[in-house]
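S.K.: Fit chain B to the supplied structure of chain A, relying on the hints for placement.
These protein sequence lines are chains A and B, in that order.
In terms of my numbering, the first sequence opens at residue 2 and continues consecutively.
In terms of my numbering, the second sequence opens at residue 2 and continues consecutively.
Note that these hints are calculated values from the structure, not bench results.
No copy is singled out in the list; a pair is fine if it fits within one copy or between any two copies.
27 Å max Cα-Cα, derived BS3-like pairs, lysine-lysine:
id: 1; residue 1: Lys449; residue 2: Lys190
id: 2; residue 1: Lys152; residue 2: Lys247
id: 3; residue 1: Lys577; residue 2: Lys225
id: 4; residue 1: Lys368; residue 2: Lys109
id: 5; residue 1: Lys520; residue 2: Lys452
id: 6; residue 1: Lys286; residue 2: Lys535
id: 7; residue 1: Lys263; residue 2: Lys154
id: 8; residue 1: Lys503; residue 2: Lys225
id: 9; residue 1: Lys351; residue 2: Lys577
id: 10; residue 1: Lys286; residue 2: Lys520
There are 2 protein chains.
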Amino acid sequence: MKNDSDYLNNLRHSCAHLLAKAVLELYPGAHNAIGPSIEHGFYQDFDMGSHVVSESDLPKIEAKMREILPSWTMFQFNEVSFAQAKKLFKHNPYKMELIEEFAGEGKKLLTNNPGDFLDLCKMGHVENPSQELSRFKLLSTAGAYWRGSEKNKMLTRIYGTCFPSQKELDTYILQQKEARKRDHRKLGKELELFLLSPSVGPGFPLYMPKGFMIRRTLEHWLTKEKENRGYQFVWTPHVAKSDLYKQSGHWQKYDAMFSPMKIDDDEYVLKPMNCPHHFQIYNEKPRSYRDLPLRIAENATVYRFEKAGEVNGLLRVRALTQDDSHIFVRHFQISSEIDNIIELTLMIYKTFGFKDFKARISTRDPKNQDKYMGNTKSWDDAENALIDAAKRHKLPHFIGIGEAAFYGPKIDMMVRDAIGREWQLTTCQLDFVQPENFDLCYINEEGKNEKAAVLHVAILGSFDRFFGILIEHYGGAFPLWLAPVQVTLIPIAERHTEYAQKFARDLREQGIRVELDSKNEPMQARIRNNTLQKVPYMGIIGDKEVSASCISVRHRSGVETKGVTLSAFKSQLLEKIEHKV
Amino acid sequence: MKNDSDYLNNLRHSCAHLLAKAVLELYPGAHNAIGPSIEHGFYQDFDMGSHVVSESDLPKIEAKMREILPSWTMFQFNEVSFAQAKKLFKHNPYKMELIEEFAGEGKKLLTNNPGDFLDLCKMGHVENPSQELSRFKLLSTAGAYWRGSEKNKMLTRIYGTCFPSQKELDTYILQQKEARKRDHRKLGKELELFLLSPSVGPGFPLYMPKGFMIRRTLEHWLTKEKENRGYQFVWTPHVAKSDLYKQSGHWQKYDAMFSPMKIDDDEYVLKPMNCPHHFQIYNEKPRSYRDLPLRIAENATVYRFEKAGEVNGLLRVRALTQDDSHIFVRHFQISSEIDNIIELTLMIYKTFGFKDFKARISTRDPKNQDKYMGNTKSWDDAENALIDAAKRHKLPHFIGIGEAAFYGPKIDMMVRDAIGREWQLTTCQLDFVQPENFDLCYINEEGKNEKAAVLHVAILGSFDRFFGILIEHYGGAFPLWLAPVQVTLIPIAERHTEYAQKFARDLREQGIRVELDSKNEPMQARIRNNTLQKVPYMGIIGDKEVSASCISVRHRSGVETKGVTLSAFKSQLLEKIEHKV
Numbered sequence: 002m003k004n005d006s007d008y009l010n011n012l013r014h015s016c017a018h019l020l021a022k023a024v025l026e027l028y029p030g031a032h033n034a035i036g037p038s039i040e041h042g043f044y045q046d047f048d049m050g051s052h053v054v055s056e057s058d059l060p061k062i063e064a065k066m067r068e069i070l071p072s073w074t075m076f077q078f079n080e081v082s083f084a085q086a087k088k089l090f091k092h093n094p095y096k097m098e099l100i101e102e103f104a105g106e107g108k109k110l111l112t113n114n115p116g117d118f119l120d121l122c123k124m125g126h127v128e129n130p131s132q133e134l135s136r137f138k139l140l141s142t143a144g145a146y147w148r149g150s151e152k153n154k155m156l157t158r159i160y161g162t163c164f165p166s167q168k169e170l171d172t173y174i175l176q177q178k179e180a181r182k183r184d185h186r187k188l189g190k191e192l193e194l195f196l197l198s199p200s201v202g203p204g205f206p207l208y209m210p211k212g213f214m215i216r217r218t219l220e221h222w223l224t225k226e227k228e229n230r231g232y233q234f235v236w237t238p239h240v241a242k243s244d245l246y247k248q249s250g251h252w253q254k255y256d257a258m259f260s261p262m263k264i265d266d267d268e269y270v271l272k273p274m275n276c277p278h279h280f281q282i283y284n285e286k287p288r289s290y291r292d293l294p295l296r297i298a299e300n301a302t303v304y305r306f307e308k309a310g311e312v313n314g315l316l317r318v319r320a321l322t323q324d325d326s327h328i329f330v331r332h333f334q335i336s337s338e339i340d341n342i343i344e345l346t347l348m349i350y351k352t353f354g355f356k357d358f359k360a361r362i363s364t365r366d367p368k369n370q371d372k373y374m375g376n377t378k379s380w381d382d383a384e385n386a387l388i389d390a391a392k393r394h395k396l397p398h399f400i401g402i403g404e405a406a407f408y409g410p411k412i413d414m415m416v417r418d419a420i421g422r423e424w425q426l427t428t429c430q431l432d433f434v435q436p437e438n439f440d441l442c443y444i445n446e447e448g449k450n451e452k453a454a455v456l457h458v459a460i461l462g463s464f465d466r467f468f469g470i471l472i473e474h475y476g477g478a479f480p481l482w483l484a485p486v487q488v489t490l491i492p493i494a495e496r497h498t499e500y501a502q503k504f505a506r507d508l509r510e511q512g513i514r515v516e517l518d519s520k521n522e523p524m525q526a527r528i529r530n531n532t533l534q535k536v537p538y539m540g541i542i543g544d545k546e547v548s549a550s551c552i553s554v555r556h557r558s559g560v561e562t563k564g565v566t567l568s569a570f571k572s573q574l575l576e577k578i579e580h581k582v
Numbered sequence: 002m003k004n005d006s007d008y009l010n011n012l013r014h015s016c017a018h019l020l021a022k023a024v025l026e027l028y029p030g031a032h033n034a035i036g037p038s039i040e041h042g043f044y045q046d047f048d049m050g051s052h053v054v055s056e057s058d059l060p061k062i063e064a065k066m067r068e069i070l071p072s073w074t075m076f077q078f079n080e081v082s083f084a085q086a087k088k089l090f091k092h093n094p095y096k097m098e099l100i101e102e103f104a105g106e107g108k109k110l111l112t113n114n115p116g117d118f119l120d121l122c123k124m125g126h127v128e129n130p131s132q133e134l135s136r137f138k139l140l141s142t143a144g145a146y147w148r149g150s151e152k153n154k155m156l157t158r159i160y161g162t163c164f165p166s167q168k169e170l171d172t173y174i175l176q177q178k179e180a181r182k183r184d185h186r187k188l189g190k191e192l193e194l195f196l197l198s199p200s201v202g203p204g205f206p207l208y209m210p211k212g213f214m215i216r217r218t219l220e221h222w223l224t225k226e227k228e229n230r231g232y233q234f235v236w237t238p239h240v241a242k243s244d245l246y247k248q249s250g251h252w253q254k255y256d257a258m259f260s261p262m263k264i265d266d267d268e269y270v271l272k273p274m275n276c277p278h279h280f281q282i283y284n285e286k287p288r289s290y291r292d293l294p295l296r297i298a299e300n301a302t303v304y305r306f307e308k309a310g311e312v313n314g315l316l317r318v319r320a321l322t323q324d325d326s327h328i329f330v331r332h333f334q335i336s337s338e339i340d341n342i343i344e345l346t347l348m349i350y351k352t353f354g355f356k357d358f359k360a361r362i363s364t365r366d367p368k369n370q371d372k373y374m375g376n377t378k379s380w381d382d383a384e385n386a387l388i389d390a391a392k393r394h395k396l397p398h399f400i401g402i403g404e405a406a407f408y409g410p411k412i413d414m415m416v417r418d419a420i421g422r423e424w425q426l427t428t429c430q431l432d433f434v435q436p437e438n439f440d441l442c443y444i445n446e447e448g449k450n451e452k453a454a455v456l457h458v459a460i461l462g463s464f465d466r467f468f469g470i471l472i473e474h475y476g477g478a479f480p481l482w483l484a485p486v487q488v489t490l491i492p493i494a495e496r497h498t499e500y501a502q503k504f505a506r507d508l509r510e511q512g513i514r515v516e517l518d519s520k521n522e523p524m525q526a527r528i529r530n531n532t533l534q535k536v537p538y539m540g541i542i543g544d545k546e547v548s549a550s551c552i553s554v555r556h557r558s559g560v561e562t563k564g565v566t567l568s569a570f571k572s573q574l575l576e577k578i579e580h581k582v
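Same shape as in the complex, but just chain A (with noise of 0.2 Å):
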């Protein structure tokens, strides 16, 4: 029980009341806005007044903290009228603006004082804070503007984590050292992969040459592997007439989608979905019982809203390319259809080495109906669906209570990188909506009319946000087979050049991704540079090589094997490629 969900949630929540506390009382004046918990921790947000907090400052608030926490025994709570609640809060302009809002909203208004501290407060806490709240830890300290807004005034986020255990709050704190090391923003820096630009615009990441070699090898293999199992590859445009959106219903329910612009005198907007398009190629021609299951695939960018202070390197970002797919299906080919889905998951799962991974299936939030498009019987097969086919390939799986889309439920797949961090990738989100939309229909056998499923699926999620997590899962030391350069030769003085320059042609031809690196500087820089690079083979050319005709091959490891010829190299590492290893 103390590990689940909302019991963490109410910990790290009453442990930013903690973090409120130890900051008011260590900096008189300052005002505490709002402190929720969040994945992995809790954040509290200040208007320090005429106070300066930086990280350097969290263990003196660490301490406080510690100071306090023993007089905190429970949480208690009181309704209070309108009127109460602006007294006593009458000091503070975050929380005056927020019982205005409560109280416009009918919500009802608590206080809760553990020890001598009154906050305004709307969620669950602990029952022992004096006990529960003791492995915790401040992590950082940032800007954010009150609400979100870069209308309103910036305020200090100071972000912390709590656990239930010491053993679990070491565990993290390794794993966030770990983490920062392979921080994919720093990463995809110095190793030329992608960029950030401001004029551009936040959430707007460019591709360098190098991230892009990685990107197009990652989308070309699952093409391919696509492409084997049957489907077919289209190509739609970015924008359309918000008209199409209304007709699929992202108009009304989905809350991503940019501010629409004016062609001549239609409202056009951005895709945040490639689904209406993709049902405008079905339904082009009649469409036969015989072309079922039908699956369009598009690797396509769509534009969804972030926030700017909510966008994260590659990992949330406002444009992202899908490797999108529509499987259009009869009813009773649902089940192998959502084999077929699971196959290709768990291959591609095997080829990057994740062995630890749940599906989730996320089913209607039986309390908010009006989130969702169509009836309840289609629904309740719906999820039944997709649990079965849970159940029947024995993934590890739980259910996620009002996390479906509007248009149907889904199975998402939740999983651990290198250092057990947990990432949600492949979604398979299953439909009879749409097809009611957009008529999505075919000729049965008895020459009538039948509507079809559709099943959306995305396996990788988007290539932005899953090359984010390769860079760190890998920590930027690429496999051979997705390593943007995956040889470099480097002769040792100028009179090897021309043997290497041979060398790297014999490579290239075979399709290695090789550079040839004779800048003046000495062998050991070179190696130095290329292996913070993490190229993962260098081949090092001198006097001996060239009369030997081989190389003496370094992995990025530091290992190095002399007296490799050409073909034993060029066969091993097509080999490697091959295999993606």
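M.R.: Relative to the frame of chain A, chain B by itself:
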């Protein structure tokens, strides 16, 4: 002299007057609006009043034109005052609008009077209309909004053409007839290559699986050829802050940008060009003289506004994917880099059998210097570099005065297709201006900053337009390497299906795109369908073929070869694909 473009323009514009005269005589109450010469002919717009004119009326109008023509011995011009002009044209609201406008702009008001017909006019005319205008033909009718705006009245547009000789007219009419058969919009639908969806919007084509297979095949091939020549591929998003285009000058000088949209508090636009994005990539790290020439390439979709009435299938679109590249060079590298570009271009033309082409070298319009950025010296150097390159390669070429982009002169290649029509394809623009705008520098041998020059190059132009041209060039019968389905296997009876499936698997393993047509239809019907679909090869399989372990190979031309073994067929196909025939 008689064939030069000024003469042709005068001839056709004069013929448009003749058309106007005939229509106004035949249909009392009709008004003529404008009647310019266009590529390959002319048109004249009419407000037909209570009349309706369609293509079946064209012979009658032609007859009237021939009846009038002998009396048109010469054009008389008179300059008239504003008041006189308004009196002369008081019944024609379109001319009245033009009179107001010309007067407002301070232009002279001229009337011309051939025979007994008065018209407001500002263009050149032929000297002896009665003799020179006789080789004309009316071609078609269409609706067209007055001044191209949907807010105005829909007029009737009559298209026609006129040539200096009967032979040229006959050739053109024959070519047009052939072009109609090859119309890429018609073939695009029949062969399931692409679609135009009113729900997505005009000018935004969607590619069906077969069309995208061709486009992708082109793209992968061209990408490989460029990589072999040292180009490095990148990816950039489809939007950017409008400030980026203010820096590049597109905002001020380029008139086909879409209207902006608001994200956060910034103004963003769909990118009409990739240059500013690629400059961000160039500027991401310090560049050394050793890095140049640096060839950045992207197969990138850009968005350009075209009027809804002017979009045309794949040939004129609002979303176009360019085979774009920006080559950053030192000034002394310009010539050799242009040589490389011409070599690549000619190799590509040869692949498609384009043998008849000429280079247009576009220079400044000396009368309109405001259109351009940069200083005179740079422009002179750049224009001379391009002219020298054309001479060095002995390319047939001519100068297009005033056709330059705002940042530099360019070479465009004009290419004739299989039925003799001329298309503008490759463009290579030399640019000394953007390096100033974006401070595109490199460190030279002495450790000092120098400005690079930029070559903007697209070999095919855009994949969309080039694909549209290829559809018409090949009349839909794509060469084997491009054909979306390369082979269809046709088992004569159900008992031959298993053998056909095995045969198909073997071909597919070699990467050959093969389909099995085991529809419940007679063999002859299936051969007919696949021939209409222009599948290069059909493999017919009956009892004889199964027992002899072979197939009968039928080419779409009808030529059939019996008793072909799998291995012979396979190697024949692979060789043709490899050599792109």
